[in-house]
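Please construct the entire structure, taking both the sequences and the accompanying hints into account.
2 protein chains.
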Amino acid sequence: MHRITEIAPQAIEGESFRIIAKEFDQQTGLCQKDIIPEQFAVIQRVIHATGDFSFAKLLHFHPGAIEAGCEAIRSGKNILTDVNMAVAGISKAILAPYGGKVICKVADPEIAQLALERGLTRSQAAIEEGMIENVGIVAIGNAPTALITIMKLIQEDKIRPELIVGVPVGFVNAPESKEILQEQDFPFITCEGRKGGTTVSVAIVNALLRLL
Amino acid sequence: MHRITEIAPQAIEGESFRIIAKEFDQQTGLCQKDIIPEQFAVIQRVIHATGDFSFAKLLHFHPGAIEAGCEAIRSGKNILTDVNMAVAGISKAILAPYGGKVICKVADPEIAQLALERGLTRSQAAIEEGMIENVGIVAIGNAPTALITIMKLIQEDKIRPELIVGVPVGFVNAPESKEILQEQDFPFITCEGRKGGTTVSVAIVNALLRLL
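The listed protein sequences derive, respectively, from chains A and B. Those letters in the first sequence? Residues 1 to 212, per full-length UniProt numbering, in order. Those letters in the second sequence? Residues 1 to 212, per full-length UniProt numbering, in order.
You may find that some hints are simply not true.
DMTMM-like cross-link-like pairs, simulated, lysine to aspartate or glutamate; straight-line CA separation at most 20 Å [what the hints assert, rightly or not]:
#1 Lys57/A <-> Glu6/A
#2 Lys92/A <-> Glu6/B
#3 Lys152/A <-> Glu6/B
#4 Lys152/A <-> Asp185/A
#5 Lys152/B <-> Glu6/A
#6 Lys158/A <-> Asp185/A
#7 Lys92/B <-> Asp108/A
Since the hints were derived computationally from the structure, they do not count as laboratory data.
Right under this line is the structure:
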C-alpha cells in the first residue's frame with residue numbers, strides 16, 4: 001500500500017480541488033481566470049464528482065442561473081429531483097437551516113396510479129405533482145421526459161421554478177432535451193451531449209449550497 | 001420540441017443499449033465480438049449510465065468476477081456500499097427475491113461514535129461494521145479509504161467477500177487504490193484512473209443483477 005498518500009480524510013476534498021484548479025487550464029484548454037468564479041466553483045465540483053475534465057467545456061450556464069439558484073435556497077424553497085439517488089446525494093445538512101427540503105416523488109405509490117390515470121410516465125407525473133410543493137430548484141440527471149415536462153409547464157405559464165438544473169444522461173432524447181433547454185430564457189444549468197447523470201446534478205446543487 | 005424522438009418510455013433503455021452496441025467499435029477502437037458477453041453487458045450498462053464510451057477501456061475484470069458476483073447474489077448474500085446514494089440506485093426489486101439487501105452504515109450515528117473510539121474514518125468504520133452482515137459484494141464508488149480498508153481486511157484473512165466492485169472516483173488515492181486492487185488475486189471489477197463514482201458502482205451491480 002506504499003503508493004497511498006498519507007492524508008487526513010478531511011483534507012482530501014481540499015487537496016482534490018487544488019489539483020483540479022492546478023491542472024485545469026492544461027486539461028481543458030480553457031483559462032480558469034476567464035471563468036466567473038461562481039461558475040468555476042460549480043465546474044470544479046462536477047469534475048471532482050466525475051474525474052472528468054471534459055465537463056469544463058460541456059457545462060453551460062444561463063447568466064442568471066447561479067444567483068437564481070442561491071436565492072431560491074436562501075428563501076427556503078424546496079429542491080425537486082427526478083430520482084431518489086439525488087435525494088440521497090444532495091447535502092441536506094447545508095440545505096435544512098434555510099428551511100428547504102429535497103423532494104422526489106417518482107417511487108410514491110400514488111404517482112404510479114396518477115401516471116396510469118393521466119397517461120403520463122411516472123417521471124412526468126412525479127414532476128407535475130412535485131411542483132406543487134414550493135419548489136425553487138428542479139434538478140434532473142436522468143429522465144429527459146422529466147426535463148421536457150418541466151419546460152412545457154413553464155412555457156404554458158403553469159409553473160416558474162427559479163432554476164432548472166437539467167443534465168439528463170443518455171442516448172435517446174437526453175442530448176436533444178438539453179439543447180432545447182439551452183435555448184430557453186429562464187435560468188438553467190445544463191451540459192451538452194450525452195454525458196450527465198445524477199452525480200452531475202447532485203454536484204451542481206451541492207456546489208450552489210456551498211456558495212451560500 | 002420537434003427534435004424529441006417519439007418513443008414509449010419503456011422502450012428507451014432498449015434503444016439506448018442498441019445505440020451503444022452499434023457505435024461501440026467505432027467509439028472505443030475495441031471489437032465488441034472479442035469481449036466476453038457478460039463483461040460486455042457490464043461495460044454497456046456503465047456507458048449507458050455515464051454517456052461515456054471511455055469506460056470500455058478503463059474497466060478491468062478479474063476473470064472470476066462476474067460469476068462470483070452472480071453467485072453471491074443467488075445465494076442471498078447482502079451488498080455493502082460506501083454511500084447511501086448507492087443504496088438508492090441499486091435495483092432492490094431484483095435483489096430482494098434472492099434474499100439479499102443493500103447495506104450502508106456510513107450515516108448511522110453509532111458509526112460516528114465507533115470511528116472516534118477506534119481512530120478510523122467514518123467510511124472505514126462503516127465498512128468494518130458492515131462486513132459483519134453476511135456481505136457477498138462490496139461496492140465502493142466514492143471512498144478510497146473504504147476500498148483500502150477492505151483490501152487490508154482481506155489480506156489479514158479477516159473477511160472474504162465474493163466480489164469487490166472498487167471504482168472510487170477522484171484525485172487523491174482513488175487511482176492508486178484501484179491500481180492496488182487490480183494486483184489482487186480475489187474477484188474484483190474496477191476502472192483505472194480518476195473516473196468512477198457511485199453512478200459507475202451502481203451500474204456495475206445493476207448489470208450483475210440483470211445477468212441472473
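Holds or violated: Lys152/B and Glu6/A, Cα atoms, limit 20 Å. Status holds; Cα separation ~16 Å.
Tell me if the straight-line CA distance from Lys92/A to Glu6/B falls inside 20 Å. 36 Å, violated
Has the given pair, Lys158/A with Asp185/A, been kept, meaning a C-alpha gap of at most 20 Å? Given pair Lys158/A, Asp185/A holds - Cα atoms ~16 Å apart, limit 20 Å.
Pair hint Lys57/A and Glu6/A, alpha-carbon separation not exceeding 20 Å: Given pair Lys57/A, Glu6/A is violated - Cα atoms ~33 Å apart, limit 20 Å.
Next pair to validate is Lys152/A with Asp185/A; report whether the Cα-Cα distance is within 20 Å. 13 Å, holds
Is Lys152/A within 20 Å of Glu6/B, Cα to Cα? 16 Å, holds
Is the Cα-Cα distance between Lys92/B and Asp108/A 20 Å or less? The given pair, whose Cα atoms are some 15 Å apart, holds under the 20 Å limit.
Of the numbered hints given earlier, the model fails hints 1 and 2; all others are met.
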